[in-house]
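A.B. asks: These protein sequence lines are chains A and B, in that order. Reminder that position 192 of the first sequence reads as 192 in my numbering, one-by-one numbering, no gaps. Reminder that position 94 of the second sequence reads as 94 in my numbering, one-by-one numbering, no gaps.
Hints may be right or wrong, so weigh each one.
You can't tell identical chains apart in this list, so a pair holds if it fits in one copy or across any two.
Under the rule of at most 27 Å between Cα atoms (straight-line distance), these lysine-lysine pairs were calculated in the DSSO-like manner [what the hints assert, rightly or not]:
1) K163 <-> K9
2) K367 <-> K8
3) K163 <-> K8
4) K367 <-> K230
5) K162 <-> K9
6) K389 <-> K230
7) K8 <-> K162
8) K307 <-> K263
9) K9 <-> K367
10) K9 <-> K263
Hint data in this document are derived by calculation from the structure and do not stem from the laboratory.
2 protein chains.
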Amino acid sequence: VHPYEVIKKKRDGGALSADEIRDFIAGYTRGGIPDYQMAALCMAVFFRSLSPAELAAWTEAMLHSGDILDLSDIPGPKVDKHSTGGVGDKVSLALAPLAAACGVKVPMISGRGLGHTGGTLDKLESIPGFRVDLSTDDFRRIVRDVGACLIGQTARLAPADKKLYALRDVTATVDCIPLIASSIMSKKLAEGIDALVLDVKVGSGAFMRDLERARELARTLIQIGRGMGKRVTAVITDMDQPLGRAVGNALEVAEALDVLEGKGPADLTEVTLVLTAEMLVLAGTARSTVDARALVERAVADRSGLKKMADIVRAHGGNPDAVTNRSLLPQARTQVPVPTAASGFVTGIDAEQIGLAALALGAGREKTDSSIDPAVGVVLDRKVGDAVKTGDRLATVHANDASRITEAVQRVATTYQIAAQPPARRPLIVERLDAA
Amino acid sequence: VHPYEVIKKKRDGGALSADEIRDFIAGYTRGGIPDYQMAALCMAVFFRSLSPAELAAWTEAMLHSGDILDLSDIPGPKVDKHSTGGVGDKVSLALAPLAAACGVKVPMISGRGLGHTGGTLDKLESIPGFRVDLSTDDFRRIVRDVGACLIGQTARLAPADKKLYALRDVTATVDCIPLIASSIMSKKLAEGIDALVLDVKVGSGAFMRDLERARELARTLIQIGRGMGKRVTAVITDMDQPLGRAVGNALEVAEALDVLEGKGPADLTEVTLVLTAEMLVLAGTARSTVDARALVERAVADRSGLKKMADIVRAHGGNPDAVTNRSLLPQARTQVPVPTAASGFVTGIDAEQIGLAALALGAGREKTDSSIDPAVGVVLDRKVGDAVKTGDRLATVHANDASRITEAVQRVATTYQIAAQPPARRPLIVERLDAA
Numbered sequence: 001v002h003p004y005e006v007i008k009k010k011r012d013g014g015a016l017s018a019d020e021i022r023d024f025i026a027g028y029t030r031g032g033i034p035d036y037q038m039a040a041l042c043m044a045v046f047f048r049s050l051s052p053a054e055l056a057a058w059t060e061a062m063l064h065s066g067d068i069l070d071l072s073d074i075p076g077p078k079v080d081k082h083s084t085g086g087v088g089d090k091v092s093l094a095l096a097p098l099a100a101a102c103g104v105k106v107p108m109i110s111g112r113g114l115g116h117t118g119g120t121l122d123k124l125e126s127i128p129g130f131r132v133d134l135s136t137d138d139f140r141r142i143v144r145d146v147g148a149c150l151i152g153q154t155a156r157l158a159p160a161d162k163k164l165y166a167l168r169d170v171t172a173t174v175d176c177i178p179l180i181a182s183s184i185m186s187k188k189l190a191e192g193i194d195a196l197v198l199d200v201k202v203g204s205g206a207f208m209r210d211l212e213r214a215r216e217l218a219r220t221l222i223q224i225g226r227g228m229g230k231r232v233t234a235v236i237t238d239m240d241q242p243l244g245r246a247v248g249n250a251l252e253v254a255e256a257l258d259v260l261e262g263k264g265p266a267d268l269t270e271v272t273l274v275l276t277a278e279m280l281v282l283a284g285t286a287r288s289t290v291d292a293r294a295l296v297e298r299a300v301a302d303r304s305g306l307k308k309m310a311d312i313v314r315a316h317g318g319n320p321d322a323v324t325n326r327s328l329l330p331q332a333r334t335q336v337p338v339p340t341a342a343s344g345f346v347t348g349i350d351a352e353q354i355g356l357a358a359l360a361l362g363a364g365r366e367k368t369d370s371s372i373d374p375a376v377g378v379v380l381d382r383k384v385g386d387a388v389k390t391g392d393r394l395a396t397v398h399a400n401d402a403s404r405i406t407e408a409v410q411r412v413a414t415t416y417q418i419a420a421q422p423p424a425r426r427p428l429i430v431e432r433l434d435a436a
Numbered sequence: 001v002h003p004y005e006v007i008k009k010k011r012d013g014g015a016l017s018a019d020e021i022r023d024f025i026a027g028y029t030r031g032g033i034p035d036y037q038m039a040a041l042c043m044a045v046f047f048r049s050l051s052p053a054e055l056a057a058w059t060e061a062m063l064h065s066g067d068i069l070d071l072s073d074i075p076g077p078k079v080d081k082h083s084t085g086g087v088g089d090k091v092s093l094a095l096a097p098l099a100a101a102c103g104v105k106v107p108m109i110s111g112r113g114l115g116h117t118g119g120t121l122d123k124l125e126s127i128p129g130f131r132v133d134l135s136t137d138d139f140r141r142i143v144r145d146v147g148a149c150l151i152g153q154t155a156r157l158a159p160a161d162k163k164l165y166a167l168r169d170v171t172a173t174v175d176c177i178p179l180i181a182s183s184i185m186s187k188k189l190a191e192g193i194d195a196l197v198l199d200v201k202v203g204s205g206a207f208m209r210d211l212e213r214a215r216e217l218a219r220t221l222i223q224i225g226r227g228m229g230k231r232v233t234a235v236i237t238d239m240d241q242p243l244g245r246a247v248g249n250a251l252e253v254a255e256a257l258d259v260l261e262g263k264g265p266a267d268l269t270e271v272t273l274v275l276t277a278e279m280l281v282l283a284g285t286a287r288s289t290v291d292a293r294a295l296v297e298r299a300v301a302d303r304s305g306l307k308k309m310a311d312i313v314r315a316h317g318g319n320p321d322a323v324t325n326r327s328l329l330p331q332a333r334t335q336v337p338v339p340t341a342a343s344g345f346v347t348g349i350d351a352e353q354i355g356l357a358a359l360a361l362g363a364g365r366e367k368t369d370s371s372i373d374p375a376v377g378v379v380l381d382r383k384v385g386d387a388v389k390t391g392d393r394l395a396t397v398h399a400n401d402a403s404r405i406t407e408a409v410q411r412v413a414t415t416y417q418i419a420a421q422p423p424a425r426r427p428l429i430v431e432r433l434d435a436a
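All chains, full assembly: derive it from the sequences and hints.
C.D. replies: Written out as structure tokens, the structure is:
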């Protein structure tokens, strides 16, 4: 197969064969096909999309570019959750222990963040001693014995995706549903899971701004997963403002612990419980989402989720006391209140601006080799729908570097929209899909 | 300007500013912008096209990536002709001396061929001693003193186009009218011309298969040229079969000499005279195409065109006697007739197959560093519309390497279509455009 012919065929709207796709992706991963030919193909895919058959072949080619974990010797259903991401999304931190406490095996391979705040791994590393760079053997052992393990992607899982994502990122071909979906699924299917719950975020703070695009992504992800023989459910959830109140690594860990103690913010708690319940249904641990929800709520009430979190922290080399003693988590030296100059109702909080405020404080990475300050971030004391009076505290900036405070406060203050009338309520759990 | 933003803007159908285009092309030419970002941008341009303003900026950026010849010190109008190319197109070889004989200055910078047969330069080099690698000073002198000079593109003229064309060639972004048009015009405008005649080929043997696309290309080329203050006329000519009878370097030179002597094939003679007449009109040498035609016909009849060809050959270091003594041109050792097995009328000759037959004999390059055999090729003894009887000679294969004869004969024999009824006549000169 000549790479030129493959690009031309896709460009002209033709259907690529599984062989053509496999050879192209394998050639690209090995370096025989140069970046510029893959860039041209990705842009052609942006305009022409991929058929279900092409998408399956594309994802399989990416999946088979590296190792695929085999967890079949671990008893019980292995279920993971993937979120398309958004500011303040720390759901995994509470969901993994809750699902494990309910008997589900959770082999979770996560990414690090670039921009805004850290990824799940960065958040976990704010727990003293917590290590995410475990071997595959340790990963397997912890999933089996503890029930959940959260590690970083290794170079051996879906290397094609790693290389391709870096290319898409600089060629304006990220924002393309078949390429997004095959990227997500190739990494998740490499984990050796039996089933997957997808949290597809929609709204101004999410990658998918409108519901139709979110639905299309959800259906595409389900279609790929089903095609590979996996059970997949997708939940579309609202991301019009940051999820929960905390944005910043240790601050988000603390908030996830609040959820495990039954005292988390309502929105974060609801999304966490809904997604965990879906995992239980897919695992066969519960017959219905209603039954599953009851099991998850019990794991909060009896603190078995919190206890499981301590077990996970211990297994990862971290200090399990930090789970109950918050003073063991990193604390920022300065807390600066952000007051409002107006009275009325909060009608909008731009999630991206809050993320950029946290980034300015040092909570995220501007470049892949930047270091993260685990203690800093922003806590939203008021959220959309809350009533405020002039002088009320809207949010609190947690800072270590005084020179970075001004930009953060400025960004937070100006991104709050205050109006005389309360905003229309938006549903938090927008839609549940279990068929492509 | 961030290259990513430029790609994304074009991908999403936005209009790029002249600054964005200039910076992107300059960055690419210098190497600061990598091939993969240019490949993505070209594919986005394939789908989104370029507006007239973007196209002007793109062409100017390519033009200004290198030197622009200044021939303003040479008296008289400088006019060139460019053809989009096709098998058997040796028009330039007769047109340049005819136009020069009529007083037009013809500064012609040509390419070498890849595939099929050689380019104009390769054909000229089949004349003993003819050199095309002249200095800019020699080029200027010969244009001034002789009236026409034909040299190869230097690395200093439109280097952006050279680099971009190589990239487009391997990323399936050649077949894109704005990119084709800006490539052609950036090279031609670098020649320091005042006016340009375009021969846009249409038909199964041309790059543009249908008239609508050919018209679009012609209009786009005219639009760019006019925008740069040049006089431009386009003629759309038929290329449904090879032009003339000869395909192969020295064979084509001989046929061009036939045209200069007034005994060339009708189709080649007509296209040559029409295009040369257009050059005279643009140069102001004639007031109308009718007057111009009469002047060009006189240059054939009084052999001043042939004499001018001898002058050009001499100026290029070649043996001018070859112009009148054909035995001085390279001759192939073997002439193999290709007979027909059917009677009726020739209804079609696939130009590409004839080109591939010539390539198989060694008349063209399979790779950029292949060497060419100037003597070999194919002569079409019968053309579309001719009546044939079983056993008649359809064509003659001129070969030096006996091992290559079989493939060539096979290709020629099978590409002739013979039917009981004569084909409908196709107009040779399809259309003339002088406004975008």
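A.B. asks: So, for every hint listed, does it hold in this structure?
C.D. replies: To see whether the hints hold, each was checked on the structure:
no.	hint	result
1	K163 <-> K9	both (23 Å within a copy, 24 Å between copies)
2	K367 <-> K8	between (35 Å within a copy, 21 Å between copies)
3	K163 <-> K8	both (22 Å within a copy, 20 Å between copies)
4	K367 <-> K230	neither (35 Å within a copy, 49 Å between copies)
5	K162 <-> K9	both (25 Å within a copy, 25 Å between copies)
6	K389 <-> K230	neither (51 Å within a copy, 68 Å between copies)
7	K8 <-> K162	both (25 Å within a copy, 21 Å between copies)
8	K307 <-> K263	within (16 Å within a copy, 99 Å between copies)
9	K9 <-> K367	between (36 Å within a copy, 23 Å between copies)
10	K9 <-> K263	neither (56 Å within a copy, 45 Å between copies)
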